[in-house]
Structure formats: C-alpha cells, structure tokens
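Asks: Chains as they are written, first to last, in our numbering: chain Z, 873 to 1152; chain S, 7 to 365; chain W, 534 to 824.
Take these hints with a grain of salt, some might be off.
[Claimed, not checked] Quick list of the computed label-pair ranges, beta carbon to beta carbon: (1) Ile302(S) to Lys1141(Z): 57 to 67 Å; (2) Pro878(Z) to Leu606(W): 42 to 52 Å; (3) Ala1072(Z) to Arg581(W): 40 to 50 Å; (4) Phe747(W) to Gln14(S): 47 to 57 Å; (5) Glu568(W) to Lys139(S): 53 to 63 Å; (6) Asn1014(Z) to Ala556(W): 18 to 28 Å.
[What the hints assert, rightly or not] In silico DSSO-like cross-links for lysine-lysine, where the CA-CA straight-line distance does not exceed 27 Å: (7) Lys1145(Z) to Lys137(S); (8) Lys108(S) to Lys541(W); (9) Lys77(S) to Lys160(S); (10) Lys1106(Z) to Lys785(W); (11) Lys77(S) to Lys541(W); (12) Lys114(S) to Lys126(S); (13) Lys126(S) to Lys137(S); (14) Lys108(S) to Lys126(S); (15) Lys108(S) to Lys160(S); (16) Lys160(S) to Lys189(S); (17) Lys174(S) to Lys139(S); (18) Lys252(S) to Lys359(S); (19) Lys1145(Z) to Lys139(S); (20) Lys189(S) to Lys126(S); (21) Lys137(S) to Lys1141(Z); (22) Lys126(S) to Lys139(S); (23) Lys1141(Z) to Lys139(S); (24) Lys137(S) to Lys108(S); (25) Lys139(S) to Lys108(S); (26) Lys189(S) to Lys174(S).
The hints are simulated quantities; they were obtained by calculation from the structure and are not laboratory data. Quick reminder that beta carbons are idealized off the backbone N, C-alpha and C, glycines included.
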Amino acid sequence: MIEHRPGLTFVSHLILWLGIVVVALPVWVALVASTHPANAFAAGAVPLWFGDQALANWQQVLLGKDGDMSQLLRMTLNSLVMALGITFGKIAISLLSAYAIVFFRFPFRGAAFWMIFFTLMLPVEVRIVPTYQVVANLDLLNSYTGLTLPLIASATATFLFRQCFMSIPSELVEAARIDGAGPLRFFCDILLPMSRTQIAALFVILFIYGWNQYLWPLIVTTDDAYYTLVMSIKRLLSVDNGEIEWNQVMVTTLLAMLPPVLVVISMQKLFVKGLVDAEK
Amino acid sequence: MSEVILKQMGKTYPNGHTAVASLDLEIAAGEFIVLVGPSGCGKSTLLRMVAGLESISTGELLIQDERVNDKEPAQRDIAMVFQNYALYPHMSVYDNMAYGLKNRGIAKAQITEQVQAVAKMLELEALLQRKPKQLSGGQRQRVAMGRAMVRDPKVFLFDEPLSNLDAKLRVQMRVEIRALQRKLGTTTLYVTHDQVEAMTLADRLVVLNQGHVEQIGTPMEVYERPASTFVAQFIGSPAMNLIPSKMVDGKPALDVDIPVACPHLLASSVLLGVRPEHVDIVPLSETALQLQVLAIEALGAETLLHGTLEGWGDTAPTFVVRLAGQHQPALGERIGLRVSPEAWHVFDGDTQKRITQCN
Amino acid sequence: MSVYFPQKWLPYGLLLPQLLVTAVFFLWPAGQAVEQAFYQEDAFGLSRDFVGLDNFIALFQSAEYFAALGTTLVFSVSVAGLGLVLALLLAVMADRVLRAAMVYQTLLIWPYAVAPALAGVLWWVLFDPSIGPLALALQTLGVDWNHYLNGDQAMLLVVIAATWKQISYNFLFFLAGLQAIPRSLIEAAAIDGAGPAKRFFDIVLPLLSPTTFFLLVVNVVYAFFDTFAVIDATTQGGPGQSTTTMVYKVYKDGFVGLDLGSSAAQSVVLMVVVGLMTIIQFRYIERKVQY
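So that you can see chain Z by itself, here it is in the shape it has in the complex:
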C-alpha cells in the first residue's frame, strides 16, 4: 500500500463482500428453497431462511418418487461419462496432434495446422442442425459416442500443448535421442511427464466444459437412459400442468452444479493455470 488510508481499505473490503454476497445470493436462495415443501411457494415468496423439509426434498430427488434412485444415478453417471469422455478425448487427440506438429516435419503440416485452427471458427451452436443430421446419419443418437465424439476436436487444447512442447529445450530431445529413445518412447517417457501440470490444468477446465454441456445432449438424446444432469433441468421446468415443483428444481440444480464447483474450489491453482494457459 502506497499511502495509509484505512477508510479506502475499509471501502475495498466492503465492496468485495458486497460482491461476494450478490454472487452467492442465487445459490443461497436455491439452498433455502430446497428445504421447504412445495406448497410453501404457492403462498408467496421463497422464504429467506431454511425450512424443515430438507431431508424429504433431497430424499425425493435422490431416491426418486418411488424410492429407487436409478434415474438420478443414471443421469449423474451419464454426466460423468460425458464430462470424462470429452476431457480425455480432447486431451488425448490434442496431445497427439500437437506432438506431430511440433516434433515432426512432413508435407501438409501447415494444412493440418490450419484445419485444426478452423474448428475455432465453428462452435457447435452455429452449425447445430447439420451436425445433428450428421450424427443422426451415423446412427449415433442416444449413445455415449454421439454425446462425446463430436465435441472432442479441440484447437485450443492443441495450441496449448503446442506452446508447451515448443518450450521444451531442444537439448532434451537430443539427449533422449542419444539415449536411444525413439519418438514413441520419447513421448511417453519425457514429454508426457514433463507436461503433466498442463494436462492437469486442462483437465480441470475441460471437465467443467464437458459437465456443463447443455444444448448438445439436449438434441442428441431422446432416450432418458442418456439424459445428463444439467439438461434434465429443462424437463423439470417444462411440466405440462404448469405447476413447477420449485423445491425439486432447486435440489437438482444444486446437485448438478456441485461437482464442477467442487473441482474449481479444490483445485483452484490448477484451474487458474488452466484458464490462463488456454488463452495464450
């Protein structure tokens, strides 16, 4: 601090806490709402303090109406499969292509680079209809392959690994060659272990990305055996008789946001590194 201004420091803290409260408000209300019976909302606003129905509501969502938790478990599993499938898929194919681009010289290397770069210009949202048609033609609707495969091409991850590989001193490659390491052994013994923090950081970011997918699972799944947690919220909101069970919605919302939020908080350092690296 350059000059001593206790007043200003106090105001800083105040603004920050105000920010934190505003940021946390919706989650607080959701948490509170999830502890009240459904009819509590009919009377008026969501109460601002916890009710006594927490156990019942959470039980109902967790275990299902008829006491078996298969549907929620199923959706959680689907979310997990999708998130991990996308994460591992993206990391794997990006590592391989970055490796090819940095450590080999071959005809059409530039063309391959630009083709990967091109994917940056085509987010799934702008080509949603034809992509759906392609996936449907390949008979991949309602399948884990259909949920993950179309999303795993990644220019960002490829660029990140490319950057990371290029910063590896060339002497290290030379030393490995003299030590008799061929390209695949070099990749496994040297490159992968040396990139492990980048991989871990990217893992955090991609897990969140995969878990939070909404539009894609919404259109490629019609069989509820493949529904994911995040997209299931839409079904809870569009009930036919118009009476939305807000307490259930809130429980599901909280459940669906819990895994990625926990990941961010528990792996904050990796998360920040992942975000910053991915934008280089």
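Based on the hints, put chains S and W in the right spot on chain Z.
Replies: Here is chains S and W on its own, set in the frame of chain Z:
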C-alpha cells in the same frame, strides 16, 4: 589406430549457408580433442554432426572404421554432455543416468551396478534419488557427465559443458574432466570458446574460424607457432600484439630484427606479432621501439601496460606489455621496449598466414 | 525447435484422430450448412428445391432477423460491458487488499463452474414474479416485475444471469493483470503527486488495456454462443422475440420451426461472423500462435 575419422566433412544448410567447410581430422583412440573458436565458427555444428544430431552434407564420418553418416545418434555409441546439461527434469539422478541403458534393454541388475559405479566415481551416491531441480550447478554438471560415462561409449562429446558454471567451479570441473578422461581413456571431442579451457584440456586443438580450420596442433604448437593472425590473437591472453608494416627495401619498415630472412619475397606487407609476455623493458636510449603508457592494470603477480607505439601518429596500433611482478610507470610516460628476434611472429599482410621461410 | 524425428508416416498417424473428428463433425456439417442454405426443403424432408440466394434474401428482408440482430447486439454489449465493469471494480478492490486477495478470489471464482443453464434457472427463480424474493422486493418498491410478459425485463434477466457467470472469469484475468503491473510504477506516480483515483485512470487503466481488449473479445464470443443455454433454460427466446438472439434463432428455426433452409442460411451468416471475430482474436494473439 584412429578411433574417429572425419573425411572432408562439411555442412551446408538448405539456405546455402556453409557452417563447416570440408574438414579432415583423424582422432586417435583416447585422444582429447578440443574444438575452439569464436561463436558462429561452426564448432558446435561439427560436434552435432559427429553426434548425429545434424546431417552431414558432404564427406564421411568413421567411428572405429565404420561409416556412420546415416546412423541414428543412439546407434553411434557416443555420449554427449550439453551446455545446459539437458537433464530430464522429472527423473531422479539415478533415472537420468539409467535411461540410456534401459532403452538399450540392459538388465536391471547390471544397470544398477553401472550407475552405482559411476556415481561413486563422481561422488554422486548421496544424490541419486534427487531431482535435477534440487541440485547445484556443479552437481548437475556431474550428473550430466555421469549420464555420458555410464554407458561407456566409444566417444565423449562435450558441448561447452562448463559455460554455465561460475569461474571458481569452472576451474575445478576442468581439472576433474581432464583427470576422468585420462582415467577412462575415452576418446573425447570437446567444444569451447574459452581458450584457457582449450589450452588446459586438449591433447590437440582444432582452431576454427567461420567454418574453416585455422590450425590443428598441440596447445604448445598453437601457442608458439600460430598458423595465422586469427590463431595468434585467439590463443593467449592478453592477445598477441600485431603491428602492420610495409616492406621497404626488402625489410619491414619497422626496424626490428625478425626470424625470417627474406619476407619481401613472399609478401608486399607483413604483420609483425609479439606476445605481451615476450617484451622486455629497456632504457629509451637503447631502442627505437617505444611505448606511451595509457593504462596500467596491476594484478599483483603481473602488470599489464596498455599504450600506443611512438612515432605512428594517429594510426598507432595499441600495444600491450605483460611484465612479471609490480611496476609503476606514470601514465603518459614513454618506455623503451625490446623484443628478441626469435620472439617475433611474421604474418603475410594479405593472406594473414604465418610466414616461416623463403622458398 | 531445431530437432525433429525423422519418421515419415508416424505424424500422419498421430494427427489422424483429430483430423478425422474435425472432418466428420466440423467440416462436413459446415459444408452441409452451406449447401442447405441454397435449398428449400419441406418440413418432412421429402423434397427439396434449389433456390439460389432466396434464403439469404428472405433473411435480410425479414424484420424478425433484424430484430434478432438487434437483440444480439443489446445482449452482447450489456453482458460484456456489465461483466467487465463489475469484474474490474472487484479486481481493483481485491488488488488493494493484497494479503486477502486470494481469499476473495476463492469466494468469487466459483460461478465459472456453474453451467449456464443452471445459472439461468437460479436467477429465474430469484426474479419469478410469484415466488422470487427479488421480484417481490421490486414490487414493494413499485416496480411491476414480470419477465413472463415484459420483454425488457426478460432481457435484463438473461443479461444478469449471463453476466453473473462471466464475472469470475473477468475478475481472474483483471486481478492477474493488475498484479503484473510493477509496483514501482504506481509508487513513481504517487511520488509525482497522483492520488488513488488519478493513478487508476492515468497509469493502471492504460497498462491494463491489453487485458481489457482480450476480455472484451472473449466476452463477446461468450455472449454470442455460450449463453444459448441461459436463454433456452429460461425465456426460450420470449416473451415474443424479445430474447431471441441470432444463435438461438438458428436453433429455433431449425429444430422447432423446421425451416432448414433459413436455419442453414443463418448458420452461414454466423460462421462468417465467428470467422471475423476469430480473426480479430487471432490478430491479438498472433505473436503467440504464430505458425
């Protein structure tokens, strides 16, 4: 028997730049060869061609009479120590040293034995489980050497291995490298730009300049009979004084006695060289060679006098005298210099080559 | 890098998975979109006719499409502007209280992990005219809040939800940017007699401009595409067309309206827009992603 033979070996890059012009060198088994020259002279390129990290554009490379031009680095049975050590940062010291052996499919027990033996020799035993990050510069240097030694290769290649160390450690490691190499008897090719390292380590020196060999010889040959002005100035510190001199009536214009009888038959102008340590001080009345002292560097054991020669006006070449012990001339003072005839080196003013005799 | 492995075919093998996925799920659909944009297809996909540029002409003569364009602009500018200003404010405050900055960071970054769809739902509830505490609070203040009926209020709601999620991201980058400014510069300005506010506007803000510009681009891209879920989970483009952005319209016309030709034409227009944005982004990071 020659261990390594370079036959007209050269490197030209696709863009036409010639890094190394056709070079011939035969290295005897167990010999310590130092490639020395300023940066960009091609010495590292040459080393990397021997290692197999750069392709050889022309000529041949033979290791134990086998042509290895097209062999992978790993198949040439060479080991290399890099300037920045190139230790694998995620592997322990032990794994760093064992990696090359593992890749060659050597049995685990034997790897352990070999690594332990080398670690003992280099006093690395206590550090085997550490990561490179946890080591000091000197220790890393030792590990890099250990990694090279553990394979017991036919040839050691060193690429400026000491340049990242501080001055004191550098001297220590220099002595150690030489002692180890003698003990192991492994043929060694060593690149440096440091002429002190070159002089102290080498059995033979290869002085390179802009991709060409200026001279190949033992350190003393190179010091006593430099083949060109480049070598004369590169080897020895402070550098050799060079005085340009035109030929007048078959003699250099500078009136001194020189060891070559008839330079005028060979060159129209010459450069007369004398090492700073081969100059004596005499009373002004006894000599025409006079120095105006412009700076004094007193180092205790010796004194360096920097100045210009008298009688040259603005074009006077700078001249350095190195005297044993302590001397205190005043700045601006003139002092008389004497050089014995055999201490002069005569170079052709055009070709910059040494003139030895008339033909 | 000056050292390469000499294998000739291996790199193609390494690239194959990425290129295959790219070709099948990116380039092929993109090509399809371009092709479809020139055809008129009936709702059952039974027949289609080549119609040339008709789809595009219809698009650019449609008041609805221009409404969507306007909505997109309002939405993007609001989200980017609001998100940047609030995040900068918080980051500057956090930077002032250096020792506690990490604690605040932890407490502020977690919304990044919340799925946009869920962020939308959370705010949707807060502002629900019958049960939302904020909506009721507004009603006691005399504001008649009902985002089911009022288009402007619906827009405000999705802006708030989308901004809420993005603040954490902006905050992180602003804080990193602020902490990268050498203290000596600030101290020099203080010695030159500049107070905190003057220092901020004269020294900090200009030095932060690369970060700001970068975040601006990222935020606009975010507002364009990633907020699809916010809208779909809450207003679904309504009431009326008031929160239908261009991206949402592609989806709606394609999947709900089954007007594939028009949806494809809109896709093509968006691809051009994204292409332009990517080029801007690329120019900015050019020195880092130099091929």
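Asks: If any of the earlier hints don't hold here, list their numbers in rising order.
Replies: The structure breaks none of the hints.
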